[in-house]
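Student: Residues per chain are reported as follows:
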Amino acid sequence: MDAPHNTPRPGADEAPRGPGADEAMGGLSADEALRATGVTIREAGSGDAVAGVMPRWVALPESTEEVAALMRVSAGHDLAVVPVGGGTRLHWGNPPERCDLLVDTCCLNEIPEHASGDLVVRVQAGVTMESLAETLAARGQELALDVPVGGSTVGGVLATAVAGPRRLRYGTARDLLIGITVVLADGTIARSGGKVVKNVAGYDLGKLFTGSYGTLGIITEAVFRLHPITPARRWITAGLPAPRTAATGSEGSGSPVGPGTVEGSGFPVSPRAVSVALAASQAEPSAVELDWLAPSGVLTVSALVEGVAAEGRAAAVRDLLGGTAGESGTTGESGEWPVGSYGVAEGDKAPDWWGVLPGEEVLLELRVPPSGVDGALRAVARRGLPARVRGSLASAVLQVALPPEIGGPELAAFVSGVRGDVGPLGGRLTVLAAPPEQAAPVDRWGPVGALPLMRRVKERFDPDRRMSPGRLAGGI
Amino acid sequence: MALNELVRRVAGVLPAGAVITDPVRLRTYECDGLTHHRVVPGVVVLPESAEQIAAVVRLCNEYGVPFVARGAGTGLSGGALPRTDGVLIVTSKMRRILRVDLENRRAVVEPGVTNLAITEAVREHGYYYAPDPSSQQVCTIGGNVAENSGGAHCLKYGFTVNHVLALEIVTPDGDIVTLDADDPGYDLLGAFVGSEGTLGITTGVTVRLSRTPETVTTLLAAFENIEQGGQAVSAIIGGGIVPAAIEMMDALAIAAAEAAVACGYPAGAGAVLIVELDGPEAEVAHQFAEVERLCRDSGAFELRTAAGPQERAAIWKGRKSAFAAVGRISPAYIVQDGVVPRTALPNVLASIDRLSAEHGIRVANVFHAGDGNLHPLVLFDDAEPGAEERAGLVSGRILDLCIEHGGSITGEHGVGVDKSRYMPKMFTDDDLDTMQLVRCAFDPRGLSNPGKVFPTPRLCGEVPGVRRGVHPLVESGRAEQF
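Note that the protein sequences, when read in sequence, are chains S and H.
If you count by full-length UniProt numbering, then the first sequence holds residues 1 to 476, one letter each, in order.
If you count by full-length UniProt numbering, then the second sequence holds residues 1 to 482, one letter each, in order.
Just to be clear, a hint being listed does not mean it is correct.
Stated by the list, open to error - Straight line, CA to CA, 20 Å or less: simulated EDC-like cross-link-like pairs of lysine to aspartate or glutamate:
| # | chain 1 | residue 1 | chain 2 | residue 2 |
| --- | --- | --- | --- | --- |
| 1 | H | 156 | H | 214 |
| 2 | S | 349 | S | 410 |
| 3 | H | 156 | S | 175 |
| 4 | H | 156 | S | 142 |
| 5 | S | 349 | S | 142 |
What the hints assert, rightly or not - So the derived list for chain H, only partly shown, Cβ under 10 Å to chain S, looks like this:
| # | residue |
| --- | --- |
| 6 | 120 |
| 7 | 335 |
| 8 | 339 |
Worth flagging that the hints you see were computed from the coordinates, not collected in a lab.
The structure presented is a predicted model; accordingly, all values stated were derived computationally and were not measured.
Where is the CB? At the ideal position from N, CA and C, for every residue including glycine.
Turn these sequences into a full structure, and let the hints guide you.
Tutor: Printed below as a string of structure tokens:
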């Protein structure tokens, strides 16, 4: 796709004249001032577009101080700034209103401190999650945050607040983050939290920046609490029938797959019933995931148990699902579940879809209270589109991938239809990613109750609207 | 004056008897759990709903009068210390559990509900509310939200912020707003929890309910000295075990507990460790054997295992009574709350010993060893001239030690009025100014619990350079707003 060039704004490469203009810049153009920071600067190329918006420069700072220097220049020249990590989710969110400077955190790539005795790591924002995992694994530890996209950086994961299957047990990024360093729009370097897990001194800026999509400042360093790598993992995987709405064309009034259990197997058939049973069980699964090709494919549910007694607990989950498992590695080929076969399998390998986003280009996220999960799935089925639904059944946070070629009006109809159905269930649907031309008629974020307060936070942190402007809900 | 006029107006928006102005009754509210800070509030109100709180807050705005929220007043940092020129909003009449939703593992409660009442409401169904501050029988969930309360079991289960799914708040402007963990956009819920009443008042809380663990096992290990106990803690954590709780007491704390509640800990112990494991039976059994082995390897001379709830309660009795118990061995004391990285514990404890000897002030150590959260009890005789000052000095130096070792000045009691002066030691001016941006976004007039958390009050001022209305680029047709 050809990225439209961001219209150069008057003054962007002239002498500073913005309200924060630094006199020390002595009449340098923005280009000269950026280069005078000593930070590596290059002209942006076609691969640097942010959700279709082309920046003019790309900077590659190597330290928090260098990021601060860039931000001071940006303040003086009224440059709009977008931070980027691995770039894996740069197409998520609204396109920025404008973007002059892309701050690539790739060179903030150190892990200054792994205090394994304290189960804590301090890591720079540009370190990839894979590289972090490798370092931690060398001492038997992990950051218990599953990342659904390869090549993601620490900063990107925090900024987009993505999480994977084990959110059920360990929470999400905001629950594992204990300290953060950020650079604000005016170049101020600020830290909050620290290197200890238990800490209630001051406001928790880490929470605020998690999920902020680069709209408040640039995350340059993070401190996380860690967990020991679990000695054993077992996945128990079962197929469930598709919702009746889709399979038969008739809408039942109860759950999408009808009440009760499938004859002979003894396991509960509605995803909601499975979720309830697993959540209430003492097997303490770390994750319960779902994979489904709507509207008529077989639903696959897979539960993970971890820990020293994983095998015994896996047996409990298996009993609960009512199947007789073949001891095999076949769960890795869960895509082969034939329709109508509702057996249960167990193995020490994850299904191949486990923790992987169901799609990339047109991706939505559906959240409901756990009791609303059947209704949410039915809401997707009712639209009749081939949608791949995947995510945490137990937490009822599901990603929905739609065909990349879907038209704007079709997408808008899907979004408003599903929102209409899940709203009464206490659910919500957001559009994580969609090409701007297709998403133009769509409100990506849906209603946000606390939006006025969020706007006020944005105004205080970024009064000139230069940090990823417009990327987030309500044009923040 | 403004307050008198305000009192008259407030009476008009609240039920009869909900406004307290009688000086004798006002004194009931002059302090929280940190009793050496005392201020008689200008007026106390006892609202019964979010709407009433919002009405009071709007009146406070109209008259420019500060307000402070208070739950049960059990806080230990003076966070609920009233203002003579302000309104104290007490949530004690808002004690209803509005909804229990077991399938969705959540409950919706009013802010004045006690922490333990939530667990009691769902226990018979096999659920509980995980954060368990030691004041849980009386402290309120609204106060827990303000302080981001933890408790002995937060090592494994986390703090209030990890167990709150949504909040209804009254903003410092008097608006009723819902902060929901599932909302897209900024995690204002996460920022609000632990803000000590400076960002608004909690009027409703949706808490996560947790499944009661299949098994709980509690072990008491006695060591000759605190170093051995510390070594056992490191070995357990290093061995990949995350107990529900690991608590340690030193000889002086044990002596106090014995004097107060005759907890019957092993004679001659220089340190005791309480380790609690919970979870699936098979997992706990395996980990328990491992913990026993690691304690013995570290030099434990006696191990006791609780066979049932009574024995577990007996083991915990000494630990839970420790704060009050030091009253038996000292006329007065300061409860400190600081955090160090777990691996720094031996160093820090040795330094505390030196401080204690140097100033002739005894320090009893009780701590959540698993997360490095120290609760040194600094003992002194308030009849002895200069003793209180020396104790204060030792207590403050302990916080310095925490900061020097990369820790925190508070792990769970909060900053309040008590520790705001230490904030500049832990954070730079830029850090504090950045936190103020959050404050100014929520409370530009600085009326919500002013004077707490941050050392120097700052004026927020207008937001500079905010573009109101249409962006100039959009206006000129050179850009589109999405």
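Student: Against this structure, judge whether each hint is valid.
Tutor: A quick look at each hint next to the structure:
1. With a C-alpha separation of about 15 Å, the suggested pairing of residue 156 of chain H with residue 214 of chain H holds against the 20 Å cut-off.
2. Pair hint residue 349 of chain S plus residue 410 of chain S does not hold up; C-alpha atoms about 38 Å apart against a cutoff of 20 Å.
3. For the hint pairing residue 156 of chain H with residue 175 of chain S, the CA-to-CA distance comes to about 12 Å; that is within 20 Å, so the pair holds.
4. Taking the CA atoms of residue 156 of chain H and residue 142 of chain S, the gap is near 16 Å; set against the 20 Å cutoff, the hint holds.
5. About 18 Å separates the Cα atoms of residue 349 of chain S and residue 142 of chain S, which keeps this hinted pair within 20 Å; it holds.
6. Here the hint on residue 120 of chain H is broken, as its CB sits about 20 Å from the closest CB of chain S, past 10 Å.
7. Annotation: interface hint on residue 335 of chain H violated; nearest CB of chain S at approximately 15 Å, more than 10 Å.
8. The closest approach between the C-beta of residue 339 of chain H and any C-beta of chain S is roughly 5 Å, which is under the 10 Å cut-off, so the hint is satisfied.
Against the hints set out earlier in the document, violations occur for numbers 2, 6, 7.
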